[in-house]
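There are 2 protein chains.
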Amino acid sequence: MNLPWREDKIQVISGLDSATSAIYEPILARLQRVEDRLLTLRNDSLPDLDLLIKHILNSGGKRVRPAVTLLASSVHEEQSDTSVTMAAAIELLHIATLIHDDTVDDAETRRGVATVSQKWGSNIAVLFGDYVFATSATWVCETENVRVIRRFSETIMELASGQISEFFSSFDAFKARSDYEDRIYRKTASLFCTAGETGAILGSAPEQSIQSLRSYGYSIGMAFQIMDDVLDFEGNSDHIGKPVGSDLCNGVLTLPSITFLEKYPDNNPVRKWFSDARDPEQLKLAIDMIMNSDAIADCYCVIQKHCASAQASLRELPKGPSTESLNLLTEYIMSRTK
Amino acid sequence: MNLPWREDKIQVISGLDSATSAIYEPILARLQRVEDRLLTLRNDSLPDLDLLIKHILNSGGKRVRPAVTLLASSVHEEQSDTSVTMAAAIELLHIATLIHDDTVDDAETRRGVATVSQKWGSNIAVLFGDYVFATSATWVCETENVRVIRRFSETIMELASGQISEFFSSFDAFKARSDYEDRIYRKTASLFCTAGETGAILGSAPEQSIQSLRSYGYSIGMAFQIMDDVLDFEGNSDHIGKPVGSDLCNGVLTLPSITFLEKYPDNNPVRKWFSDARDPEQLKLAIDMIMNSDAIADCYCVIQKHCASAQASLRELPKGPSTESLNLLTEYIMSRTK
Numbered sequence: 001m002n003l004p005w006r007e008d009k010i011q012v013i014s015g016l017d018s019a020t021s022a023i024y025e026p027i028l029a030r031l032q033r034v035e036d037r038l039l040t041l042r043n044d045s046l047p048d049l050d051l052l053i054k055h056i057l058n059s060g061g062k063r064v065r066p067a068v069t070l071l072a073s074s075v076h077e078e079q080s081d082t083s084v085t086m087a088a089a090i091e092l093l094h095i096a097t098l099i100h101d102d103t104v105d106d107a108e109t110r111r112g113v114a115t116v117s118q119k120w121g122s123n124i125a126v127l128f129g130d131y132v133f134a135t136s137a138t139w140v141c142e143t144e145n146v147r148v149i150r151r152f153s154e155t156i157m158e159l160a161s162g163q164i165s166e167f168f169s170s171f172d173a174f175k176a177r178s179d180y181e182d183r184i185y186r187k188t189a190s191l192f193c194t195a196g197e198t199g200a201i202l203g204s205a206p207e208q209s210i211q212s213l214r215s216y217g218y219s220i221g222m223a224f225q226i227m228d229d230v231l232d233f234e235g236n237s238d239h240i241g242k243p244v245g246s247d248l249c250n251g252v253l254t255l256p257s258i259t260f261l262e263k264y265p266d267n268n269p270v271r272k273w274f275s276d277a278r279d280p281e282q283l284k285l286a287i288d289m290i291m292n293s294d295a296i297a298d299c300y301c302v303i304q305k306h307c308a309s310a311q312a313s314l315r316e317l318p319k320g321p322s323t324e325s326l327n328l329l330t331e332y333i334m335s336r337t338k
Numbered sequence: 339m340n341l342p343w344r345e346d347k348i349q350v351i352s353g354l355d356s357a358t359s360a361i362y363e364p365i366l367a368r369l370q371r372v373e374d375r376l377l378t379l380r381n382d383s384l385p386d387l388d389l390l391i392k393h394i395l396n397s398g399g400k401r402v403r404p405a406v407t408l409l410a411s412s413v414h415e416e417q418s419d420t421s422v423t424m425a426a427a428i429e430l431l432h433i434a435t436l437i438h439d440d441t442v443d444d445a446e447t448r449r450g451v452a453t454v455s456q457k458w459g460s461n462i463a464v465l466f467g468d469y470v471f472a473t474s475a476t477w478v479c480e481t482e483n484v485r486v487i488r489r490f491s492e493t494i495m496e497l498a499s500g501q502i503s504e505f506f507s508s509f510d511a512f513k514a515r516s517d518y519e520d521r522i523y524r525k526t527a528s529l530f531c532t533a534g535e536t537g538a539i540l541g542s543a544p545e546q547s548i549q550s551l552r553s554y555g556y557s558i559g560m561a562f563q564i565m566d567d568v569l570d571f572e573g574n575s576d577h578i579g580k581p582v583g584s585d586l587c588n589g590v591l592t593l594p595s596i597t598f599l600e601k602y603p604d605n606n607p608v609r610k611w612f613s614d615a616r617d618p619e620q621l622k623l624a625i626d627m628i629m630n631s632d633a634i635a636d637c638y639c640v641i642q643k644h645c646a647s648a649q650a651s652l653r654e655l656p657k658g659p660s661t662e663s664l665n666l667l668t669e670y671i672m673s674r675t676k
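The listed protein sequences correspond, in order, to chains A and B.
Counted the way my numbering counts, the first sequence spans residues 1 to 338.
Counted the way my numbering counts, the second sequence spans residues 339 to 676.
Hints listed in this document are in silico derivations from the structure and should not be mistaken for laboratory results.
Values in this document were obtained by computation on a predicted structure and should not be read as measured data.
Some clues are possibly wrong.
These stretches of chain A come out as covered by chain B in the derived footprint (C-beta under 8 Å, 3 or more residues) [stated by the list, open to error]: (1) 41 to 51; (2) 213 to 221; (3) 268 to 280.
Derived CB-CB ranges, DEER-like [unchecked claim]: (4) A:D294 x B:P385: 29 to 37 Å; (5) A:A114 x B:G459: 48 to 56 Å; (6) A:D105 x B:L389: 56 to 64 Å; (7) B:R380 x A:P280: 39 to 47 Å; (8) B:C639 x A:E77: 28 to 36 Å; (9) A:G121 x B:P618: 20 to 28 Å; (10) A:D105 x B:P385: 17 to 25 Å; (11) A:S335 x B:R616: 53 to 61 Å; (12) A:D294 x B:G398: 34 to 42 Å; (13) A:S275 x B:R616: 44 to 52 Å; (14) B:G459 x A:E281: 46 to 54 Å; (15) A:A297 x B:R380: 53 to 61 Å; (16) A:S335 x B:G459: 37 to 45 Å; (17) A:F171 x B:D517: 25 to 33 Å.
Beta carbons: idealized from backbone N, C-alpha and C, even for Gly.
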């Protein structure tokens, strides 16, 4: 894997590491405008609300989703003003989902910072999440493109329904791989699809390119979430900020545990942990066995297949720096360790 | 007050009482289409989600907000198809806010039915509320009118920020009347404004009528919320489904308690209840004193002033059955007892 970042060569913008900054090179200036737009959220007239806004703006992030929007928008057209607004709305929607996800998961920190629900309580977090969702939708209206606006609202529906399905299927060891794929499409890949699709629409791409960039978004979104689920087993707990095996602990089947169940259907500790007994020894055993099984290697194969599909979608597009950056992004996702 | 309903004369559609059915007479057929649209929410492919949807659709309601949209839309134009969709979206947005409000208030029942958070837990309620919010926004997109879509998203921002302010100002006895007015505009009147304004836009009303119908919505929305706040003190607890004085109990100042504080600034039991001691005897005393004070009569005057403003806004519109129904609605709001 030949990644292009060199610490000495690139200017890192606030919040981004050198790897992502290098990939984002063709859109760094516009990504800075996305940051500036996020800062306009600040609200002097409502000081209580402003306190919350300040908190979430300081929480950082890799800005992968807005980068996809900006890159998708510039495959055919050099610059489109509305794509900056769209990219900011996409990131803001992502921030809103994190606020509610952290609330329902009762998470204490995210990226080393206290969550809104931890700092202000879950009630404020619910209402503030609503406010941020609505703000993102208002920003999308500035594009004045009804297709884009509709796609954005549908995405919020998909994100929420994906999380609902995760809740309803918790501690159900008989959910199949297809159920998992559908769920992670809705909770994660849907927003990546929309990031690619809306960027392409606003960048005046022809319909075929719009569909290719939507497919690209789908594939990297799936890869991104599966990598997240693998890191939940593989990652150093200091690194990812939560204990190893936290999904399984919460009764959530992800690809590593599903693959492990498929391969070893009999006498499986995951099934025992999910049974009414809920014996923590079985959880510990399940995590250990999954980490040391070939299930993890199988998951990496699935990630690579999705990244290969993403790269195939890109081959349908005109060559150029944006298409090249989108390609590098697939490699970055495969190499990510946190 | 001369209200036009006669039990024997009108056909009551499901969920509505005879009083509101009579007022809604010019739009009853279209209001039925709003009900039909709400039923399309049902989702066979996601049975868990469908269970939640079925629950909220059975929860009833007076449909005041969609009625305002439909009536506003037909002041200038006989029928507009998009206004039915808009009215359904307005009601759905209202339902979404109730799901989250009940979650943050930890309410057990609404209109005699268990709340989503009570039946499925607050986590599901948060995510399901998000889903319903997003669905309403998707429906609005069908109008293909960007002004209407933007106004709708801004309204969600206002609704959420109004609730946030209520939380932040709880147990603060020094918040002024202007703070209350701003808060109830955002948490309640904003949606009534939008119901009137968007109905007018979609009904091809001229700009002046759009503004009049927006003002009308503002005034009845303010009246509606203040009546709610008065009923919290006056209403029979069986009737309104919560204990008398529940706002004050939760540390929320509303117009009756604000008026009472303004009139009797010294040695006031509200201030004592809001102090760190939080003595329940002071709460009981405050509720008793407010119920028997002239503060309640003052609040009725404020409600009447808002209704008079609403009626003044209607005088700027062409006469006709829709304008007349909007006028009757102001009287209904003044006479409401639950």
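Hints, one by one, checked against the model:
1. 41 to 51: Since 3 is at least three, the answer is holds.
2. 213 to 221: Not satisfied, violated; 0 residues make the cut.
3. 268 to 280: Not satisfied, violated; 0 residues make the cut.
4. A:D294 x B:P385: 29 to 37 Å: holds (34 Å)
5. A:A114 x B:G459: 48 to 56 Å: Between A114 of chain A and G459 of chain B, where Cβ atoms are some 24 Å apart, the hint is violated.
6. A:D105 x B:L389: 56 to 64 Å: Since the Cβ atoms of D105 of chain A and L389 of chain B sit about 22 Å apart, the hinted range of 56 to 64 Å is violated.
7. B:R380 x A:P280: 39 to 47 Å: holds (40 Å)
8. B:C639 x A:E77: 28 to 36 Å: violated (60 Å)
9. A:G121 x B:P618: 20 to 28 Å: Holds - the Cβ-Cβ distance for G121 of chain A and P618 of chain B, about 23 Å, lies within 20 to 28 Å.
10. A:D105 x B:P385: 17 to 25 Å: holds (24 Å)
11. A:S335 x B:R616: 53 to 61 Å: The hint (53 to 61 Å, Cβ to Cβ) holds, given that S335 of chain A and R616 of chain B are roughly 56 Å apart.
12. A:D294 x B:G398: 34 to 42 Å: violated (55 Å)
13. A:S275 x B:R616: 44 to 52 Å: holds (46 Å)
14. B:G459 x A:E281: 46 to 54 Å: violated (27 Å)
15. A:A297 x B:R380: 53 to 61 Å: Roughly 43 Å apart at Cβ, these two residues miss the hinted range, so it is violated.
16. A:S335 x B:G459: 37 to 45 Å: Holds - the Cβ-Cβ distance for S335 of chain A and G459 of chain B, about 39 Å, lies within 37 to 45 Å.
17. A:F171 x B:D517: 25 to 33 Å: Once the Cβ atoms are compared, 46 Å apart, the range 25 to 33 Å for D517 of chain B and F171 of chain A is violated.
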